[in-house]
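*Asks:* As a plain string of letters, each chain reads:
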Amino acid sequence: MTLFEALDFALAAIVLGLAARTISARRVFGAVVAYVAYGLLLAIIWVRLYAPDVALTEAAIGSGVTGVLLISASTRLGPLAAPDAPPGAALKAGAAALSALVAGILATAVLYLPDPAPSLAPEADAHLAETGLGNAVTAVLIAYRSFDTMLEKVVLVLAVAGVWSVAPDRFWGGAPAPLGPAAPDTALVFLARILAPIGAVIGVQMFWVGADEPGGAFQGGAILAAMWMIVMMARLTEPPRISSGWLRLALIAGPGVFLLAGLAGPVMAGSFFAFPPGFAKPVILFIEAFMVLSIAVSLPLLVAGPPNREAGR
Amino acid sequence: MNDVLLAAAGITLLTVGAGLARVLSGAREVDGLMAVQLLGTGGIAALLLAASATGVAGVENVALGLALLASFASVAFVNASRTQRGSDRGENR
Amino acid sequence: MSVVLDLFTVLAVGLGVFFFLAGTVALLRFPDSLSRLHGLTKADNLGLGLVVLGLIPRASSPLAALKLIVLWALVQLGSATVAQMIGSALRRREEIE
Amino acid sequence: MSPSTIAGLTAAILVGLGLYALIVNADPLKKLLAFNLLGSGVFLVFGIIARRGAVGAFPFDPIPQAMVITGIVVAFAASALAVALMLSLAKESGRITLDPEGETRPDNGAENA
Numbered sequence: 001m002t003l004f005e006a007l008d009f010a011l012a013a014i015v016l017g018l019a020a021r022t023i024s025a026r027r028v029f030g031a032v033v034a035y036v037a038y039g040l041l042l043a044i045i046w047v048r049l050y051a052p053d054v055a056l057t058e059a060a061i062g063s064g065v066t067g068v069l070l071i072s073a074s075t076r077l078g079p080l081a082a083p084d085a086p087p088g089a090a091l092k093a094g095a096a097a098l099s100a101l102v103a104g105i106l107a108t109a110v111l112y113l114p115d116p117a118p119s120l121a122p123e124a125d126a127h128l129a130e131t132g133l134g135n136a137v138t139a140v141l142i143a144y145r146s147f148d149t150m151l152e153k154v155v156l157v158l159a160v161a162g163v164w165s166v167a168p169d170r171f172w173g174g175a176p177a178p179l180g181p182a183a184p185d186t187a188l189v190f191l192a193r194i195l196a197p198i199g200a201v202i203g204v205q206m207f208w209v210g211a212d213e214p215g216g217a218f219q220g221g222a223i224l225a226a227m228w229m230i231v232m233m234a235r236l237t238e239p240p241r242i243s244s245g246w247l248r249l250a251l252i253a254g255p256g257v258f259l260l261a262g263l264a265g266p267v268m269a270g271s272f273f274a275f276p277p278g279f280a281k282p283v284i285l286f287i288e289a290f291m292v293l294s295i296a297v298s299l300p301l302l303v304a305g306p307p308n309r310e311a312g313r
Numbered sequence: 314m315n316d317v318l319l320a321a322a323g324i325t326l327l328t329v330g331a332g333l334a335r336v337l338s339g340a341r342e343v344d345g346l347m348a349v350q351l352l353g354t355g356g357i358a359a360l361l362l363a364a365s366a367t368g369v370a371g372v373e374n375v376a377l378g379l380a381l382l383a384s385f386a387s388v389a390f391v392n393a394s395r396t397q398r399g400s401d402r403g404e405n406r
Numbered sequence: 407m408s409v410v411l412d413l414f415t416v417l418a419v420g421l422g423v424f425f426f427l428a429g430t431v432a433l434l435r436f437p438d439s440l441s442r443l444h445g446l447t448k449a450d451n452l453g454l455g456l457v458v459l460g461l462i463p464r465a466s467s468p469l470a471a472l473k474l475i476v477l478w479a480l481v482q483l484g485s486a487t488v489a490q491m492i493g494s495a496l497r498r499r500e501e502i503e
Numbered sequence: 504m505s506p507s508t509i510a511g512l513t514a515a516i517l518v519g520l521g522l523y524a525l526i527v528n529a530d531p532l533k534k535l536l537a538f539n540l541l542g543s544g545v546f547l548v549f550g551i552i553a554r555r556g557a558v559g560a561f562p563f564d565p566i567p568q569a570m571v572i573t574g575i576v577v578a579f580a581a582s583a584l585a586v587a588l589m590l591s592l593a594k595e596s597g598r599i600t601l602d603p604e605g606e607t608r609p610d611n612g613a614e615n616a
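Protein chains in written order, with the working numbering: chain G, 1 to 313; chain W, 314 to 406; chain E, 407 to 503; chain D, 504 to 616.
For the record, the hints were derived by calculation from the structure and aren't laboratory data.
Ideal Cβ positions, reconstructed from N, Cα and C, are used throughout, including at glycine.
Please note that the accuracy of each hint is not assured.
With beta-carbon atoms standing in for the labels, derived distance ranges [claimed, not checked]:
#: 1; chain 1: E; residue 1: S441; chain 2: G; residue 2: W172; range: 17 to 27 Å
#: 2; chain 1: G; residue 1: W172; chain 2: W; residue 2: E342; range: 31 to 41 Å
#: 3; chain 1: E; residue 1: V431; chain 2: G; residue 2: S165; range: 32 to 42 Å
#: 4; chain 1: G; residue 1: G278; chain 2: E; residue 2: S494; range: 55 to 65 Å
#: 5; chain 1: G; residue 1: E310; chain 2: D; residue 2: T508; range: 54 to 64 Å
Derived contacts from chain W toward chain G, CB cut-off under 8 Å, selection only [claimed, not checked]:
#: 6; residue: M314
#: 7; residue: N315
#: 8; residue: V317
#: 9; residue: V343
#: 10; residue: A359
#: 11; residue: V369
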């Protein structure tokens, strides 16, 4: 066994240990701490698999923003967490057997994947020049599989609408609960004041270089979202009222602009979601800019939850 | 030289990872937060070492993203533990 | 010249790794939370700082080197704030109990 | 063993762990965590398929990777919706169990770890 094999095994063991800790921790708080650490290490495994784009997304959304969502949920639900009756031994044994079976089938499938593996990489590369992009992952997201990505933005809008819809009628149009305590740490206020502007610049830069290097609309948008959230956690700003026009416009800007560009395809380039040849890169970056806006707005709103104050306040 | 850097990356990651695993098996929640913080910094160091050794494009961008978010989850945790303790005792601080 | 620089890199990175090790040991061995916090912040500050210092000679361009330094500064800002917050949370807990 | 095989086996175990916890844990928030673990295991399988699709100068197949990126965002959106539903369930009923008889049962211990 080489040194690097040993390191890979050790990394896998720690990741699995953290996963086990996540599901076995008695209190949700401890479980979420383990989950955030798990997400961090998973991002490093993604780097090992030559997937820096995914690693960034996993670190920002899978670990960071999801962690904040779960931790704030556990705070609000914590006092209510009445312990349920523990599951019976039969249920545990059955679940263990089923899980072992599924894991076994999956492991077998992984070990007997066809060799040589099928790959679309040459096709993706062959048409990369037509998009004017250098990052094949961005090309897949915005050009080759653009319909998927557009609908995925629609899912985000629907999720925000779904979260808002659980609010009682009298709070409709009001603002969600604040993200931090009434008197935040002064150190946190300082951090938010310094970090947020720098982070905003880096987020925009990450979107911009995403055309050619790892990065892109999702990663840049997620970092901008995190910066807005840290400003709200320091109580420098409050979550906006959900009736505000700019907010709703920003939410639908991503899928809206994407859809319009797709509909303009038949006129400009001959088919739906086709971009005019020679002019594809500016169109792609234009669409992506609005996607960044929508992602940066929708992720914090999903974390903030339904409105809990009346619209007048 | 590159192998030395990669080995350093691996050792750093395993050290902080093992420390975290050890701490989380204990009962002290605050220590878990500290260990996650150390894991974040160690992970960034490991990524930078790996980026320098392998020259794979974009790894240092991942490190930059992690650096921005390093404090993010911990801030939420401390805020949450404050709110939790406050509500346990029916007070705000 | 490059041998000297390589030696410098190995030395600085090695020392950085040592500090991560020291921080982990502090986390596991120190008796109370405040001293664990103290040991930890020293370690991750110096650990990452030395690793960055060691990698600067290998940076492909001055801009890449600057990026490394900015990254280190960001981590410092974040971890110092978190340490402060954890410290005052511990303090409040002591006052209550 | 290659890094992608190790990651693939890790993914299989993650799916198993997530599925087990999803069935066994009664607390909806823990179910949500388990669901996220299961999901990241599935994403990791996509990741190794992308890595195995390395051809020539390309170190990975970009199509599965792009699908994982959209997948992570959708998983987060689903988690946020689930949290909102839990919070409103808690507000309506004052408890967060999915068990309709949970309240009438004797409170026999927190040992459901």
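*Asks:* If a hint holds in the structure, say so; if it doesn't, say that too.
*Replies:* Going down the list of hints, with the structure as the test:
The beta-carbon spacing between S441 (chain E) and W172 (chain G), approximately 51 Å, falls outside the hinted interval of 17 to 27 Å. Between W172 (chain G) and E342 (chain W) the CB atoms are about 37 Å apart, so this pair conforms to the stated range of 31 to 41 Å. Checked against the hint of 32 to 42 Å, the C-beta distance between V431 (chain E) and S165 (chain G) comes to roughly 51 Å, which is inconsistent with it. Distance hint check: the CB atoms of G278 (chain G) and S494 (chain E) are about 58 Å apart, consistent with the given range 55 to 65 Å.
For E310 (chain G) and T508 (chain D), the Cβ-Cβ distance of about 57 Å falls inside the hinted range of 54 to 64 Å, so the restraint holds. Interface hint at M314 (chain W): violated, since its Cβ lies 15 Å from the closest Cβ of chain G, which is beyond the 8 Å cut-off. Given hint, N315 (chain W) at the interface with chain G, is violated; its Cβ is 12 Å from that chain's nearest Cβ, farther than 8 Å. About 11 Å separates the beta-carbon of V317 (chain W) from the nearest beta-carbon of chain G, more than 8 Å, and the hint is not met.
About 10 Å separates the beta-carbon of V343 (chain W) from the nearest beta-carbon of chain G, more than 8 Å, and the hint is not met. This hint holds: A359 (chain W) has a C-beta 7 Å from the nearest C-beta of chain G, less than the 8 Å allowed. Hint on V369 (chain W) holds. Least Cβ distance to chain G is approximately 7 Å, under the 8 Å limit.
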